[in-house]
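Reconstruct the complex from the two isolated chains, following the hints.
Residues per chain, in single letters:
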Amino acid sequence: MFLSCSLLLPLLLPAAAQSRVVQVDGSTLSGKLVAATLEQVTLKNADGKSRELAAGDVLQIYPAPLTEMLLKGEAFLKDLDYQNASSAFEAAGNESGDFWVAPYALLRQAETLLAWAQMDRARASDAARAFRSWMDANTDSFWIPRAEMGAAKAMAMAGDVDGATSLMQKLADTAFEKNLGKHVELQVNLVRCEAFLIGGQAEVAEARLRDLVVKLGNAVQDPKAPEGTRSLILNLYSQSQILLGDAIHSKDGPQAAAPYWQGLAKDRTATPNVRAAAWIGIAEAARAAGHPRQAQLHLAKVVATLPASEEVMAHALYLLGEVSTELGDTPTAGDLYRRRLLDRYPSTSWAAKAR
Amino acid sequence: MLRESGQIAKFWETYDAFMQWVDEERVEYSRNGYELSLVVAEQMVDENRIAEAIALADEVATENSRSTLRLRANSVMGRAIALAPPDAKIPLDILYGSAEGAYYQKDYQAAVDGFRLLLPRLAGTQDADEFGAKAYYFLGLSWSRLHHPMLAAVTHQLGYEDYPDDETYAIKNAEKWQTLAAGFFKRANTDRDLQAFNDEAIAAVSAVGGGGDDLEWNQAKSLNDLARQAAGKHPKAAPGSTEAKAIVRAYQRAADAYAKVKAESSNYEKALVARAICVYESIRFDPAAADLALQLLHDYLDTYVPDPAHAPKDPRERKIRREKQPEAVFYLGRTYREVAKGGDRSAWEKVLSTYDGMLDRFPDQTELGYAAMSYRVEAFVRLQRMEEAEAEYQNMVAIPATKSRLAIAAFTLYNEYRLRTEAAEEPADVLANRTKQAEYLSAFNTYSSVKRWPNLLGEAELWAQLGAYDKASELYQGILDKFSKAKDFTDAYAFKVRLGLVESLLQLRRIGEAVPLVDELYKQRPKNLRVRIAVVKVKAGFLIWDGKQVLEVPGEGTPEALDLATTMAGELIHVADYEASKQDPPLNHYYYPPWWEAKLMQAYVLYQRGKTNPADLGKHKKLVAGLQKQAPDLGEAVAGSRMSKSLLWLLNH
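Chains as they are written, first to last, in the numbering used here: chain A, 1 to 355; chain P, 1 to 653.
Isolated chain P, as found in the complex (with noise of 0.2 Å):
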């Protein structure tokens, strides 16, 4: 109340008798005692008195350590040096200590508070040295504490520009700064200010002897997966587009981050294939990134392996030459097979040159080598060197190669057999490149590990062209047993499939396996051309060319099925009639296959009414008699000598 009152004066006059008479009689104090100090700590604050208010607050605060009372002698020191002009005299030690204990006690808003008024006061004093690093080390855990990183990184950076010499806490302060630079940037890594921030963390912490051996390793280790991250997005982004260019950027900057591996690093080897692939990566979205990647890739295999400065010297050195020049010397030739991709067909032989002999030199690196003989098989096909793609790919299938590779590499030459076929004039190269097409299509759907329906058609219908109509009907038979409830098999594609199957079944003869499966696809599509075929051949049944001679296949043969096949065939010769006009130029009938065809069946048809009903004796002959008269090769030339020995037949039976 005296000071309160303002009577100064009184109040000291009191005091000082108050401590004579405590030291006389040896009083020890009670919590009353320790709050009468902390108010005469507050009148020496008025009074400018500030040492002296901080050191009997700091009596106070540390005589009750476990009481509320040390949170309030805090609080007036706190204030007092608030208080303080800058050039007041301030026992740092005290401030120091109670701003930690402040920080152990998880008061860290006051830890803040604390350290943040001393560091300006520790510039240039002797005291610096002892608590200026620690100083900014605790503030940087307090406001991390606080859940505020960045102030958290900004406090370490500066305790470590401040104080780089300290020997204990300038690689903590580095460390922390590093750690939270390293987070920042992670969420943000196309911020080029917050890389930069990082960045001088990492050298930071390279300067004081920090970090290790990874940590420059993992940062592009980072990098490089944030890179992959976004080329994942964007797999089909165009080359020069908005997205391309990011992603570009992206692995820029991890190789870039590869590059600043140190030479006397452990990972330095590898972080030089590891910036090579980067740029590799990068190729899709920038083909103009080949080049460079080239010329690291040919720097470590040509320049660096070879220099007996870099030879492995013990167990771990060597392990990573043996997988990481095997690496190099597969991405080389992934990289010469983007250059030849890209227009530049000498790369090829690049290709052929890079990967020759892979497995021999790197026996233990059998992925990368049987991917090297596929990508043999591929150069070879682009250079049309067929005889050297298939024996390549023998090789493969001698081995034998991974199902995953021997897939890839049948599959190469399936298409390049795919587009022979297309291109070729004569029956006899249409033949021999179907064949071929159906063999490799063949092997991918076998070796394939995931079977698809759709190549399983696509072999079935080959085969069925080629004739080979066992393999065929096996083939449509296994797609309507396995893939029937696929979400993609749709109707349509079930009804293909049921046709080839049925046509297959009737060129083998099995007629009674085809004739239900002809019922209901007539039941679906009774007006279907093919349907229609079909199904004149099962009631009637059809006559076979087996090269050497015709053979007759039967059919249900009942008078009324006779009768559904008459009435079938004659549609079907008007059906004829109809598409040969309509081709471009129109044509006449005598010259289209499928009339041929239509003529045929009726033929066929009458023969078997002719065998069971009088009325219809001999109509077969004279049918045929008819179109020898306008077509005396009984349309050989047009349809073909099978057309022409079945309708002879007829003529004499």
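The shape of chain A in the complex, shown without the other chains (with noise of 0.2 Å):
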């Protein structure tokens, strides 16, 4: 007996969208999202029945549905277009509906400020603008965390390290005060090393990163830490791995920063994207030193054999082409690189850069 469509009907008839919240414990709830505050996040199921749950025992919320002006403002974002993308998310905050929908969408255009602002330096003044304009309003927000820790990047990318490490710090108190979870802990301690660091403090970013990778490096060994937040932790780690690089690179040049590199590509557990900023790190010092072929032979490790994210990839990509380029299109041209990029990683900066 084949399958027949009458079961198929009950899965076709259309209904409301549901918001996702995800715990640290790594479950998933659905429902109506009708309160996230610092304290709380309240969903209400099918049957009117509320679930409270308790914000530090909440990783993620996805709200739903999303209306359709927020629906176009995520389709610019990814295609990179963050002036339109602005405007949707800023149209979208102004529309009446669910409760999360104005604050999440105005959260949403000061992230694409702060997207914006990694290609146009500029942009960082408005975006933390947009980030402190939205904590005034939203002051007991779950999301609260979130933007504080978006602002500190746009201050600091802005010129004002100390007010981003200030707010950090606030940051951290608040987290341990409403007992919000080690994993905002980290996060935090990460945001402001990156601070540091895109102040052009080198120095303390990369002190500060030494003790927070050993500090990361620990929780993802931990067997006690919340199953939900295991891939956070790892992310974070590899962050935290990868800044450290980049701090040693500011301070002290490429040619410093390749023997931590070189220990980070020989470690087969990395994850994909650390692996691959080694190799590029790697190569960046050798084409700094003189040896172009050897940066091309790093970069093609990258691209052959990693499945780092996209701009990760792009980016190996970008300089792969560079430096072919510059070897004569020797065994490959560099041309061929360049439309690897633009074909399969259209919506990242290189790609932008490439066009």
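Keep in mind that the hints are not guaranteed to be accurate.
To be verified - Straight-line C-alpha distance at most 27 Å; calculated BS3-like pairs for lysine-lysine:
hint : chain 1 : residue 1 : chain 2 : residue 2
1    : P       : K134      : A       : K266
2    : A       : K215      : A       : K178
3    : A       : K32       : P       : K10
4    : P       : K341      : P       : K313
5    : A       : K49       : P       : K10
6    : P       : K221      : P       : K319
7    : P       : K221      : P       : K324
8    : P       : K236      : P       : K186
9    : A       : K44       : P       : K10
Unchecked claim - Here are some, though not all, of the chain A residues that point toward chain P, as calculated from beta-carbon distances under 7 Å:
hint : residue
10   : R268
11   : R293
12   : T305
Rather than coming from a laboratory, the hints here were simulated on the basis of the structure. Using N, Cα and C, we set each Cβ at its ideal position, and we do this for glycine too.
Spelled out as structure tokens, the structure:
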């Protein structure tokens, strides 16, 4: 007997979308989001029953349904069209709807400006302003830590390193007070280090990152860590390893960073992003030392064997294209790599640069 | 739609009910059913249930291996793994199977994506030993299929480095790495980093016992070919120039590569000699390399060959020894030759001793033996031991050596005698050296496989100078017959050869053959001095001296011919007068040989005129008597005994 259509009918009936909440223990809950504060997150299911969760037990909220304007904003952002994304989110922020729609939209607008500032530093002040304005209007929101971390990055990029680090200290205190979880504390530490690095204080960043890398490494190994936070902590660990390499590079130059990167490159258990960053770091050191061929070989390893993130792969392809052209297009033309970058990773900042 | 609208609980409720029904009713899935499974798998991905998602997608892929659903299933699996955190538990064998399957279905991009996702997750797992090296291998092959050779090469490199002990794939990865690296290096052989990359690959292949005997040998041969090509492009590059330095570096790389051939290799002995030859070939671009070449060749000949441990043990080894030992001796002699040419004359003695008895020592190697003999001729000549040089040459003739080597030896001797002729002061010495010069040039022309007319012309002129007019005329005629259409045989040379032929024919008293040639030459160049002399001779005739008596060679003798001869003879005297006055210091014409020649011609023309015209009777005697008053020896001291004898004959006839 073949599958009959009737059983498919329930699957076809349209109905309202639901928000999803991921908890630190790894489980996921769905329902209508009715409250999201620094103390509590409340979901209501289809039967009208409410479920209250301590904010400290919630890792991530995916609000739904997203309005049309929010969806447009996300689509523009994916295409790196920051201007239109910002406008769409701003418009979404003026819409009426569920309690979370406007604040969520304005938070996404601030985050869009922050992403824009990565390409154009002049936008950093706008981003910082947007975050501050959001924080002033949403003092008890579940998303305050997220906004404050975004604000710290924007402030550091705008030159206010002291402001950024003070804000992170304040957030660390809040996280402790509100029992928001170790993962928040670790994130805050990482953002603080990043702020030092962005602000040009590489020496301070390096010293703090060395400690943080150890702490995060231990957290990764901790069997008692909540299941849902494992991936996040592993991600933070990878980021800290990469930032530490960047800090050494900023402080002492590519050659000084090379031994550090070489250690990471040899570690087969390192995440793909870390290993990729390591090989890219080694390649940059080789290129700076006048060995473009060595740089080419290391960059090729990234592209050939690592499933790193789109931005990292795009970065590697961009550099590989440059170096190959420098080497007279031997053994492969630099253009081939540039085309691969544009074909496979069109929505990355490196593709935008290559165009 | 339940999923799209976010009604997840309802979604699972419905799915659970559906699965229960499938089990109870033993329903077989149609395409719709598998598509539903993929929707479920995607929802599992959203819920971070990665392992379940992959297992379900794999099931769909397996059951639909021939339909497009397989590709969609692979895509879901790929997404699942891509989104999965690094520490997510994923059935790696399924992931490997999916990637390998994509490879065999020629979906190489999907294979690349699959293997790339797999590799970082293998590290530290039990599956690493089973899949690691193999995954790298197939990933490398996939990149090759996608025409990315560098990406393929580094993949195989990493595959070998991460899993050097894999029984099957360590060697496969190493060999693929090496093949690709060798290709890169061949196309950019001055790139040191690529050379290092290639060397590492070779070391890897050797470490896993691969490559066979030929790997390092073949690498060295490739580098040697590249060095030769570089040398061929700039054969005259001066030592110290940019081109010469590049060529020397290329030969050095080849020599170093030969040095890497292991002692256990069956190519080792060949590599020893090849290395030395590489260094030898670089000498012309870097003379200092001679020392190393000598050292390497002596090491081989004096240490390696005599050592009983290196005695050939089988027919193959004996053959190699039979070929390489004489080759090494040959190059040793050539190296000494280069040293000698560079200024160390004592090295010529080493050339002689190195090549002494070469044919007897190595009777199978006749080519090398003959070459050695020709180099011995050269060495004897350079040491000015001419008797021995000629004796060696005669030995070569007697054997006989190959024509090419005989030609080289003959040319060496010709050149030396040419220099001696130029330097000689005594007429007897000039004559003796010129005679040898002519003989050896003749031999060179005879043995040369490609005859060149400038060399034949040189020989003809020598014979003419020596009075061997029969040989000279034959050569002149031969040049005109065979080379008159040659591109470099210009009109000027054609004229020169015809004139030489005419003069030889006249000396041989073959006036009939000379007359049409003289007429032709006179039409071409009526003012040419030698042409005019020839005209006078054919028109009026002339006297020759055979060493014992004066002989008449009759000319046309007609009144018109004699008139022309008279005019020309007078002009020749004016020219000779003028030339004598232009010598430095100016000469009295009585001391100028061409003036005497002109006077002799004038006298003979008058003699001929006197035979047919009474008005001219006896005028020739008056002329000669007048000369005798001024120069009682009738020009013997200036123009030789032929002159005085001829003028006396005229006085008496």
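Now the hints, each set against the structure:
1. A C-alpha spacing of about 19 Å is found between P/K134 and A/K266, which places the hinted pair at or below 27 Å, so the restraint holds.
2. Using a Cα cut-off of 27 Å, the hinted pair A/K215 and A/K178 holds, with the two alpha carbons roughly 22 Å apart.
3. Among the hinted pairs, A/K32 with P/K10 is consistent with the structure: their alpha-carbon atoms are about 14 Å apart, no more than 27 Å.
4. Among the hinted pairs, P/K341 with P/K313 is inconsistent with the structure: their alpha-carbon atoms are about 40 Å apart, more than 27 Å.
5. Using a Cα cut-off of 27 Å, the hinted pair A/K49 and P/K10 holds, with the two alpha carbons roughly 16 Å apart.
6. Restraint check: the Cα-Cα separation between P/K221 and P/K319 comes to about 20 Å, which is no more than 27 Å; the hinted pair holds.
7. Proximity of P/K221 to P/K324 is assessed by CA-CA distance (about 16 Å); at most 27 Å being required, the pair is judged to hold.
8. As the CA atoms of P/K236 and P/K186 are separated by approximately 24 Å, the hinted pair is consistent with the 27 Å bound.
9. A hinted pair counts as satisfied when its Cα atoms are at most 27 Å apart, and A/K44 with P/K10 qualifies at roughly 15 Å.
10. At about 4 Å, the closest approach between the beta carbon of A/R268 and any beta carbon in chain P falls short of 7 Å, and the interface hint on this residue holds.
11. Taking 7 Å as the C-beta cut-off, the interface hint given for A/R293 holds, the closest approach to chain P being about 4 Å.
12. Against a cut-off of 7 Å between C-beta atoms, the interface hint on A/T305 holds, since the closest Cβ of chain P lies about 6 Å away.
Of the numbered hints listed earlier, the single one contradicted by the structure is hint 4.
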